[in-house]
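So the sequence lines, in the order shown, correspond to chains F and P.
Per the working numbering, the very first residue in the first sequence carries number 1; after that it's consecutive.
Per the working numbering, the very first residue in the second sequence carries number 1001; after that it's consecutive.
Just so you know, the hints here were simulated from the structure itself, not pulled from any lab data.
Just to be clear, a hint being listed does not mean it is correct.
Claimed, not checked - Which residues of chain P face chain F? A partial, calculated answer using Cβ under 8 Å:
#1 Y1043
#2 A1046
#3 P1051
#4 L1054
#5 M1065
#6 F1100
#7 F1109
#8 V1116
#9 F1139
To be verified - Okay, derived cross-link-like pairs now, EDC-like style, lysine to aspartate or glutamate, Cα gap no bigger than 16 Å in a straight line:
#10 F/K487 - F/D162
#11 F/K293 - F/E99
#12 F/K430 - P/D1085
#13 F/K487 - F/D161
#14 F/K428 - P/D1085
#15 F/K428 - F/D162
As the list claims (entries may be wrong) - Per the computed footprint, the stretches of chain P lying under chain F, defined by three or more beta-carbons under 8 Å from a beta-carbon of chain F, are:
#16 1024-1037
#17 1055-1063
#18 1083-1092
#19 1101-1107
#20 1148-1157
Beta carbons are placed, not taken as given, at the ideal position from N, Cα and C, and that holds for glycine.
The chain contents come next:
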Amino acid sequence: MENFLTGVAGIFAMGPLVAMVGATILGVVIGALPGLNPVMAIALLLPLTYGMEPLVALAMVAGIYNGSMYGGAIPAILLRIPGTPGSIATTFDGFPMAEKGQASKALKIACWSSAIGGMVSAVALITMGPLLAQVTLAFGPAEYFWVAIFGMVSVGVMVGDDMTKGLLAAAFGLLIGTVGIDMLSGQARFTYGEPWLLSGFNLIVVLVGLYALPPVLELAERADLKGMTRAQLRLDSVSLGWKAFRDHGRTWIRSSIIGIGVGLLPGAGGNIASFLSYNAARSASKDPESFGKGNPDGVAAAECGNNADNAAAMIPALTLGIPGNVIAALVLGALLIQGIQPGPQLYHNNAGLVFGFAMEMFITSALLFFVGGMAATRIFAQVQRLPGVIMVPMILVLMSVGVYVINGRIVDLWIMFGFGLLGYALEKIKVPLAPIVLGLILGPLAEQSVRRSMLLARGDWTELFTRPISAGIAIATILIILYPAIKSFLKRRRATLSKT
Amino acid sequence: MSGYLVCEISMDKAVESPNIQDGVAGICFAAVGAASIYWSFDYTGASGLYPRVLGAVIVLLGLLMVLRSMRRAVIKPVNDRPLVDSPRNFFIAITFGFFFLLLVTLIGFYTSSLLVLLTLPIALGFRRAVPLVLSATLFIVFLYVLFSLVLERPLPREFFQI
Chain F
1 MENFLTGVAG IFAMGPLVAM VGATILGVVI GALPGLNPVM AIALLLPLTY
51 GMEPLVALAM VAGIYNGSMY GGAIPAILLR IPGTPGSIAT TFDGFPMAEK
101 GQASKALKIA CWSSAIGGMV SAVALITMGP LLAQVTLAFG PAEYFWVAIF
151 GMVSVGVMVG DDMTKGLLAA AFGLLIGTVG IDMLSGQARF TYGEPWLLSG
201 FNLIVVLVGL YALPPVLELA ERADLKGMTR AQLRLDSVSL GWKAFRDHGR
251 TWIRSSIIGI GVGLLPGAGG NIASFLSYNA ARSASKDPES FGKGNPDGVA
301 AAECGNNADN AAAMIPALTL GIPGNVIAAL VLGALLIQGI QPGPQLYHNN
351 AGLVFGFAME MFITSALLFF VGGMAATRIF AQVQRLPGVI MVPMILVLMS
401 VGVYVINGRI VDLWIMFGFG LLGYALEKIK VPLAPIVLGL ILGPLAEQSV
451 RRSMLLARGD WTELFTRPIS AGIAIATILI ILYPAIKSFL KRRRATLSKT
Chain P
1001 MSGYLVCEIS MDKAVESPNI QDGVAGICFA AVGAASIYWS FDYTGASGLY
1051 PRVLGAVIVL LGLLMVLRSM RRAVIKPVND RPLVDSPRNF FIAITFGFFF
1101 LLLVTLIGFY TSSLLVLLTL PIALGFRRAV PLVLSATLFI VFLYVLFSLV
1151 LERPLPREFF QI
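This is chain F alone, in the form it adopts within the complex (with noise of 0.2 Å):
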């Protein structure tokens, strides 16, 4: 209690609020703008976080992060196109409601249902964080040792639609994190006598060109000349009051929850959280053929849905230093940023500021009750008559100078040109990028903790599975690289028995 009021207390100063609210903002025009999404925007705010205080930093990534994902519903219900890939199922409905004149109130309702989403999402954070990390207290170098692997199982096997690439593109990650020194033993590794390769490949860097640098490139290759016209941009007002409550209240409990326990597994992003919602709601629902057909219930489950998985992917991220999205290892990037160490130990040595980011993600989602207001959606819209071709160098500049500002190295801008190039051509052909961050993330806690733990157990092996909690995470680990094949043969007897 006395950490969580020390939390509360820090983020009630000028530089937290200010960043709060700005970020908030920020966070609904990047969402709302054709080619960016939140990902890439916090990836390029990161290396602009260096020397902030710790809250004012997490603030902004808190409020860009909750103010995308609903400015991502903006072009999801306007246009049909997803800002983000968490509206995809917004614009079911959300796309139709605009095509009947309903557009202020399908915006209005994704707000709503965004805001309330991430304000439930806050509280799970904030009571079942510290239940998690007492758990984690246990924990010695064989348990984080497995803690990493099956962090990095996990997301290599549920992101995207290929285990052999989830894997593959894991243990790249763990190798590009070998570069450099190794800190246990003082040996260089694959530096080839180059100097700036001896401190390895800077996260932020690395996070900046894999994310950063494909969207670019795509909006490149698509050379929008003329953005959205201002007769597409037309939105009435529209006043939901209490009455949405009453009409969507049983769905944004429903979503809340869904988005949560998606929000808890390693892998699982909003998309899947609000697709799910969305076929609960369907499912739920009296009437469930009027779903893709302009059903308001449907744009309140996505929205809601994906919203409520924010703040809940931070849970295993900051408790076990395995994140449940990209954007939860992005924010394990920004505490690293401050020196601060993700982990079973995060809570127990920073606990006022876990409980303060806490927090900071409730205020931005409550936040949008304001800042998504109509009249501020209206002006967030017009953002979508900026023509994508002007954009693209603005971009490309904003990645360099913040790249730069990190280290002063220009070498530094030729990794990310690099990285970027591979996240390119990686992304073409579905490999995911999500296991190679984690894996660069937490290579070094995995090879230090396998290593330290083999200088206890004076090199026996067995010690890395005869404890048991170690030995539970590993049968886990080995549940999920095995769950493909265990769905297929289910999905197969089922299907055999159907014929007989």
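Following the hints, put chain P in place on chain F, whose structure we already have.
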């Protein structure tokens, strides 16, 4: 927003062919894994063992990717996505990006930024001078205020300052 267009895939367009992209990618990954095994023999003790194990895993998974790509299977049209959608625009963006990074060192950050802000949209087909100049100028002012005045970060010096 890009890349998430909701589309329906017509199965009647499905073709039967090996996935060349996956095959080449698998070979590349396996080569990276093999190279890391080779180089890590120079490192002593556990600091060499760990990258060797990782290299072996990458080689195995890379080869698995190659084997799976060689199986003749029904490939949906979505898997036939070309590596580059618009080669011309992709090449323009990459070239401008390359020269921008090169010029940052030679003529300074703000000058090279202004150049790329003004020329890249034109190369991509944009022909409206007023919004182009206005947006480029405002963006440079924004960068200057944020990085040079507020954050006071040293950036590569301009050619006229040397």
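So, going through the hints one by one against the coordinates:
no.: 1; hint: Y1043; in the structure: holds (5 Å)
no.: 2; hint: A1046; in the structure: holds (5 Å)
no.: 3; hint: P1051; in the structure: holds (5 Å)
no.: 4; hint: L1054; in the structure: holds (5 Å)
no.: 5; hint: M1065; in the structure: holds (6 Å)
no.: 6; hint: F1100; in the structure: holds (7 Å)
no.: 7; hint: F1109; in the structure: holds (7 Å)
no.: 8; hint: V1116; in the structure: holds (5 Å)
no.: 9; hint: F1139; in the structure: holds (6 Å)
no.: 10; hint: F/K487 - F/D162; in the structure: holds (14 Å)
no.: 11; hint: F/K293 - F/E99; in the structure: holds (10 Å)
no.: 12; hint: F/K430 - P/D1085; in the structure: holds (15 Å)
no.: 13; hint: F/K487 - F/D161; in the structure: holds (13 Å)
no.: 14; hint: F/K428 - P/D1085; in the structure: holds (10 Å)
no.: 15; hint: F/K428 - F/D162; in the structure: holds (14 Å)
no.: 16; hint: 1024-1037; in the structure: holds (count 5)
no.: 17; hint: 1055-1063; in the structure: holds (count 5)
no.: 18; hint: 1083-1092; in the structure: holds (count 7)
no.: 19; hint: 1101-1107; in the structure: holds (count 3)
no.: 20; hint: 1148-1157; in the structure: holds (count 5)
Violated hints are absent here; each numbered hint is respected by the structure.
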